[in-house]
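Chains as they are written, first to last, in full-length UniProt numbering: chain X, 1 to 437; chain P, 1 to 437; chain B, 1 to 437; chain F, 1 to 437.
Incorrect hints may have been included.
Claimed, not checked - Taking lysine-lysine pairs in the DSS-like style, the calculated list, with each CA pair at most 27 Å apart, reads:
#1 F:Lys-337 - P:Lys-385
#2 P:Lys-71 - B:Lys-337
#3 B:Lys-337 - B:Lys-136
#4 X:Lys-71 - F:Lys-337
#5 X:Lys-385 - P:Lys-71
#6 B:Lys-205 - B:Lys-169
#7 B:Lys-377 - X:Lys-337
#8 P:Lys-337 - F:Lys-385
#9 X:Lys-385 - B:Lys-337
#10 X:Lys-347 - B:Lys-347
#11 F:Lys-71 - X:Lys-337
#12 P:Lys-385 - X:Lys-71
#13 X:Lys-377 - P:Lys-71
#14 X:Lys-385 - B:Lys-347
Calculated from the structure, these hints are not laboratory results.
Number of protein chains: 4
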Amino acid sequence: MVPRYSRPAMSAIWEAENRYRIWFEIEAHATDALAELGVVPRSAAKALWDWWATNPAIDVAAIDAIEAVTKHDVIAFLTWVAEHVGEEARFMHQGMTSSDVLDTCLAVQLSQASDLLLADLDALLEAIKRRAYEHKLTPTIGRSHGIHAEPVTFGLKLAEAYAEFARCKTRLQAARLDIATCAISGAVGTFANIDPRVEAHVAAKLGLAIEPVSTQVIPRDRHAMFFATLGVIASSIERLAVEVRHLQRTEVLEAEEYFSPGQKGSSAMPHKRNPVLTENLTGLARMVRSAVVPAMENVALWHERDISHSSVERFIGPDATITLDFALGRLTGVIDKLLVYPERMMKNLDRMGGLVHSQRVLLALTQAGVSREDSYKYVQRNAMKVWESDGALSLMELLKADTDVAAALSAQEIEDKFNLDYHFAQVDTIFARVFGE
Amino acid sequence: MVPRYSRPAMSAIWEAENRYRIWFEIEAHATDALAELGVVPRSAAKALWDWWATNPAIDVAAIDAIEAVTKHDVIAFLTWVAEHVGEEARFMHQGMTSSDVLDTCLAVQLSQASDLLLADLDALLEAIKRRAYEHKLTPTIGRSHGIHAEPVTFGLKLAEAYAEFARCKTRLQAARLDIATCAISGAVGTFANIDPRVEAHVAAKLGLAIEPVSTQVIPRDRHAMFFATLGVIASSIERLAVEVRHLQRTEVLEAEEYFSPGQKGSSAMPHKRNPVLTENLTGLARMVRSAVVPAMENVALWHERDISHSSVERFIGPDATITLDFALGRLTGVIDKLLVYPERMMKNLDRMGGLVHSQRVLLALTQAGVSREDSYKYVQRNAMKVWESDGALSLMELLKADTDVAAALSAQEIEDKFNLDYHFAQVDTIFARVFGE
Amino acid sequence: MVPRYSRPAMSAIWEAENRYRIWFEIEAHATDALAELGVVPRSAAKALWDWWATNPAIDVAAIDAIEAVTKHDVIAFLTWVAEHVGEEARFMHQGMTSSDVLDTCLAVQLSQASDLLLADLDALLEAIKRRAYEHKLTPTIGRSHGIHAEPVTFGLKLAEAYAEFARCKTRLQAARLDIATCAISGAVGTFANIDPRVEAHVAAKLGLAIEPVSTQVIPRDRHAMFFATLGVIASSIERLAVEVRHLQRTEVLEAEEYFSPGQKGSSAMPHKRNPVLTENLTGLARMVRSAVVPAMENVALWHERDISHSSVERFIGPDATITLDFALGRLTGVIDKLLVYPERMMKNLDRMGGLVHSQRVLLALTQAGVSREDSYKYVQRNAMKVWESDGALSLMELLKADTDVAAALSAQEIEDKFNLDYHFAQVDTIFARVFGE
Amino acid sequence: MVPRYSRPAMSAIWEAENRYRIWFEIEAHATDALAELGVVPRSAAKALWDWWATNPAIDVAAIDAIEAVTKHDVIAFLTWVAEHVGEEARFMHQGMTSSDVLDTCLAVQLSQASDLLLADLDALLEAIKRRAYEHKLTPTIGRSHGIHAEPVTFGLKLAEAYAEFARCKTRLQAARLDIATCAISGAVGTFANIDPRVEAHVAAKLGLAIEPVSTQVIPRDRHAMFFATLGVIASSIERLAVEVRHLQRTEVLEAEEYFSPGQKGSSAMPHKRNPVLTENLTGLARMVRSAVVPAMENVALWHERDISHSSVERFIGPDATITLDFALGRLTGVIDKLLVYPERMMKNLDRMGGLVHSQRVLLALTQAGVSREDSYKYVQRNAMKVWESDGALSLMELLKADTDVAAALSAQEIEDKFNLDYHFAQVDTIFARVFGE
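So that you can see chain X by itself, here it is in the shape it has in the complex (with noise of 0.2 Å):
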């Protein structure tokens, strides 16, 4: 985790302040289920609530002063709340082995990153929806392999971040299904010592689905499912941060990420205003990406369990969630607050003299009985002669002068084809499509 990609909402889920109080709802529920089936007595419960009332400060150097001398975090905090509450303590995790709380624990805590990056997936789609609603008639080219290709909107671009956000929505809706899981079923997972109606009764209280089948541990292939849907949204994330590097190149300057007027851009340039936003969110996609492959080779854990899984989790856990947090709502601020530039967009369409009409006249070539290979070839030999001209020339009229052209289309019909709203008539049909409206 690095402090400056970091926000206190997802930061503090995973202090020990967070998981310690997770760890003692885990108990303290689990010691109720128990009192209710009567292996433990019900005072036993009433006293850990009670104190819980009392709203204590979870004392964390003090149970790192007892993890010290145990080396087992579990029984360090046991040790700790039986300090605080007394003898009725000891009936406390009855059956229950440590990975019943850890695990419980880890899937309380991804949950709550869940809703915490659902929620920022929220916001994100919000900014993008609106700017494209903006920009929905806003001409700009469209590039293949960086090379000017044929009209889009930049609204259209802006449709298409949302739609791929709105998948990563739902992906992690799914995601967070998978890992919101609740195992209290004892050392190998047989519910020797507990009965499946504790873990059932946690669950319940803590919002979580039961594990069906737990062996020690809840089962890593749910974990590797849920980082590898947070590394396909980095991916996207990327996707959109480098569309807006592309378009504040100095060539190009067709958006700009927001520019605070104290900002300075380079120690040595004064002029420069770099995407240092955009190029952040990619760097931080590489890191939320980094995690996916440990976290799929957590999966296969020895037998009933290993713990290699759990030091790659106290990395991956806190960084994963947190620099994605970080980043989707970085990515909602550039969106937000893009300086969007039409002119310079439009400046840029027409640039090329024409030559992203191309297609359109190929098609009426064909259409009035060229066949295809001659009308490539009639198009392509005035494209290419605008192309070497860097734009001077313009294709409509190299088009009317070709006499092969001429003689299947009038000069009228020529002109009909460079016309942009042509290009523009299925916006409202692919809106319609994306925001459903």
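Since the structure of chain X is provided, determine the placement of chains P, B and F on it from the hints.
For chains P, B and F alone, coordinates are given in the frame of chain X:
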């Protein structure tokens, strides 16, 4: 693609012939729709289908020869079709761009591949289920950290695998939906030169959904999610493979891969029966996973598309699906014919002199009023003696002879704790959860 | 391996025939050494070499057929050789284990592959160097963050690439040393049944170092380092490829991949010249990199070996070397024939109205006694005007008219700062560092 | 960075204070060189060093506060220094760009980190060597595929690890050279505003090589190679960790991590001694490896630089080095204190009834004139009986009783083959190769 890790049905999906067949169907269905819309003559569509009805051989070499000149695969294919269909073929591909064909074809191929993989998962699940019920109550030691923990049954191990692969199936179904879309939207996705109804028609005919908004290409977050899902499935394969490898270790030998009579395990050591299939699966899992990162790196194409994803997909499209198909088939065979040795399982279970029952004694002491810390101490000091004797001493006898323990529990109460059935009381519950029966 | 991304010389290394030829040489050289040591009759070695001198065809299909029965590749090969050599062949492979042959063969193949890759790098370096000197003083704008910064020369860009690939060559030479070892040490590496002098003899004959200590296999950290090095080289390829892609963008167009007359860029847009080779290289780089993680996962084999690495190497051995060989060849062609447009470079350089010289003015102001902060402020306020004018205004004229600036610098002093040669004074120094001339 | 997987010396390298100290030294040494060249007054350099000689505390919070306004870290630092040094400070950073400072600083930090890691490797090698000689002739079974193969010694296992980590050290030394370069070349690497002698001076003072050609930044292929090398080292750590984990399995128990008296292995099963350190190392290896791909993705920066690498390096710079340092230290401790059980090794070695000697018998039969195929058959049929008896039958006795075998070998000849020393005849040779003594 490595031939020895390939099966014919999956390989056929990726052969040139299948690709060209799908291309034809896309073009011909599109021509139908264009004819219906009055854009091209009905005779053009008819000419295509009439030729197709003759079940023409796909001359891959001829198409390759044309591509060697044009350096463009779709143009080469269209040229070849035109050579056979004649004049009417010029109406094909009206308003479409190559990617409309290529990406929709990839969607069909990945859907076909998904269907095979889903069938593979069904076969695997069936094999696991059968063996799980067969060994539902076969006792074996559960191990955490590779160390004996408490008893489980071999059926429970398989139930765990079943639940995991059932989750994998759900994930693959979702991933299949993600990639099964059709885009016929023209050069930059605006439908400038083609009516969206063409896309809808082709999608319906091919069993795909329409792509709500495409650029020139279908967005690659879909494919990233698909390959990430394959990576998760591969990791689950690795997990079960590693379990078998552990069980087959000389010192454990609780199960073995089936060993055919003619097979030689080693050129030097004729007694060896090596778990080579599951070791192989471990390696294949690494390969399937290796497709995940490139697939994610493919997402951030430049603007409306660049072609960097294409070479990646030429590798991972076939490799990841063919390898995973092979691996699932191999794993199914391993499970189906796995030699299971219940006697050896019991022998291993017993070898630690009853240490696996220590947790029950610990609980009994606590419930008899001994503090948690003292209970732990009493059990641990006796357990250590057994451990150091390498199983020669009996924990039950030592506990009976321990005055502190004897003060809290009678000999009979101690003996009651050394009982396997106690551990398996919830096996039915777990099976009901997993198999839903 | 994807045929279209393969070249014959590298592919041949990975064909069955080459593998069997290397196997034979290992076995025959080993038999020589065994004969020298008196372990086997000299006639046995002679029989092998006599047969080999007949230049026998390697009947891959026959060997495969035997393997289908024995399920063991080395035994199948030995059996096939024995069928041809006769009785004496039984002395082959004395005291050896299959891995002695397999791993030493892989070392030979990877060494052969390294030699081709080193030659590829030499060719690439030669092409880069030639173009670097050609454009040593061709001015072009340097860009950070995609934004114009200060002038560089196109030759400097290529000098950077040269230095990078020269480092790659050094790394590959080290990696080649890492994998070029011979192990003939028997079933668990103890030389129990074979004298270490056999290993030394075979190593010397094949141009390999001896493996100081092997288990059954050559340790896989060597191969991990090898594939990691290929991954770094691939990343450097990607960097230069991305540079070309950027330079070919419509708005930049400072360089272009060579465009052959017959080539069609797009089925729909005849004017398009797409940087498809470098886009392809970007994708291929992803694939070569994808071998790195599995190669690292291969290191932790169990005990004296398991065979999980084998399937991985059947993929990545050929795939990573063949793809990298192809990519280096393609990149060499791109650089060799790259169309470079110095006029366009100059036009782009000038388009920002002299903003690229702002740093020099800033320094001059500081040296004239203006505080750093004020200098920055004076330059920035004028630079911003130029920026907002899209290059219509001239920074030089604005600065002359700025009273604060004029108070510190004369008009002539300001003009002196707007001079390209100033920036290129150290080009010779840098070229001398890079090319050592 | 996860505190529990960190050690102070390595962490300190990555703390803000160390970074600012390095920045100061770069700036002050550069000012010295600028003064020497007459570009700035000597008094400026003197003022910097005079202040530095007062050993001023680095006020990280104050610098952060300035950065919050300027949004530029180097400017913030320079401003803070100027507040303390006064007027003369304005001569600092003349002609330099931020990256000159940042990248050279990173080179110093990575060099410092490398030095710690090299010392870690030395300590690890020393521990391995000591234990290797201690157990040079301790017999233990060699295993391939997890199955008993032939005898080795425990010292040989450690010799293998020694050779592997010695290779890792060589690789890290090469990687250190790769990243230890100094670039002070200005905004786009042309030295337009700064003499190359400044770079040379700073490089010499900091123990770095000059960067032959930089853009704005030091090229990232260097860092990719560095992190790839860390990934290989991590993989070697994983290998040795996995070996210990296997040896500590209940059924094997040939070695154990040292178990401190106060340590509790499990909250539920007091008898458990889990290999938690080596399991942890397995996970940490995954994390170090996870830095490799992002480091490679960092190589292809756009043009003369973009800043996408920066966020990645803020994570992986500290994380990979701190984690690897911790892991090497932990592994050294594990090896140093490893509990080794030679009796258990011998017991395991014997448990297969002499099967491990089958290869020797096979050879003896061949040498006695039996065909390879028959020899194999005779040994295998007896070996299978032993195998199926789970070690109850003795291979030696069965072979003596086999008429085909007895026809070729006398009882004494058979007995001679069942002898451990035979296997260890080359241990001295191997140790001499590995330890060079």
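Against the structure, the hints come out as follows:
1. F:Lys-337 - P:Lys-385: Holds - the C-alpha atoms of Lys-385 (chain P) and Lys-337 (chain F) are around 22 Å apart, at most 27 Å.
2. P:Lys-71 - B:Lys-337: holds, 18 Å
3. B:Lys-337 - B:Lys-136: Distance ~17 Å between Lys-337 (chain B) and Lys-136 (chain B) Cα, so the pair holds.
4. X:Lys-71 - F:Lys-337: holds, 18 Å
5. X:Lys-385 - P:Lys-71: holds, 22 Å
6. B:Lys-205 - B:Lys-169: holds, 25 Å
7. B:Lys-377 - X:Lys-337: Given pair Lys-377 (chain B), Lys-337 (chain X) holds - Cα atoms ~25 Å apart, limit 27 Å.
8. P:Lys-337 - F:Lys-385: Given pair Lys-337 (chain P), Lys-385 (chain F) holds - Cα atoms ~22 Å apart, limit 27 Å.
9. X:Lys-385 - B:Lys-337: With Cα atoms ~22 Å apart, Lys-385 (chain X) and Lys-337 (chain B) stay inside 27 Å; holds.
10. X:Lys-347 - B:Lys-347: Holds. Lys-347 (chain X) to Lys-347 (chain B) sits at ~17 Å (cutoff 27 Å).
11. F:Lys-71 - X:Lys-337: Distance ~18 Å between Lys-71 (chain F) and Lys-337 (chain X) Cα, so the pair holds.
12. P:Lys-385 - X:Lys-71: Holds, at about 22 Å.
13. X:Lys-377 - P:Lys-71: At roughly 16 Å apart (the allowed maximum being 27 Å), Lys-71 (chain P) and Lys-377 (chain X) satisfy the hint.
14. X:Lys-385 - B:Lys-347: holds, 20 Å
Violated hints for the displayed structure: none, as all numbered hints are satisfied.
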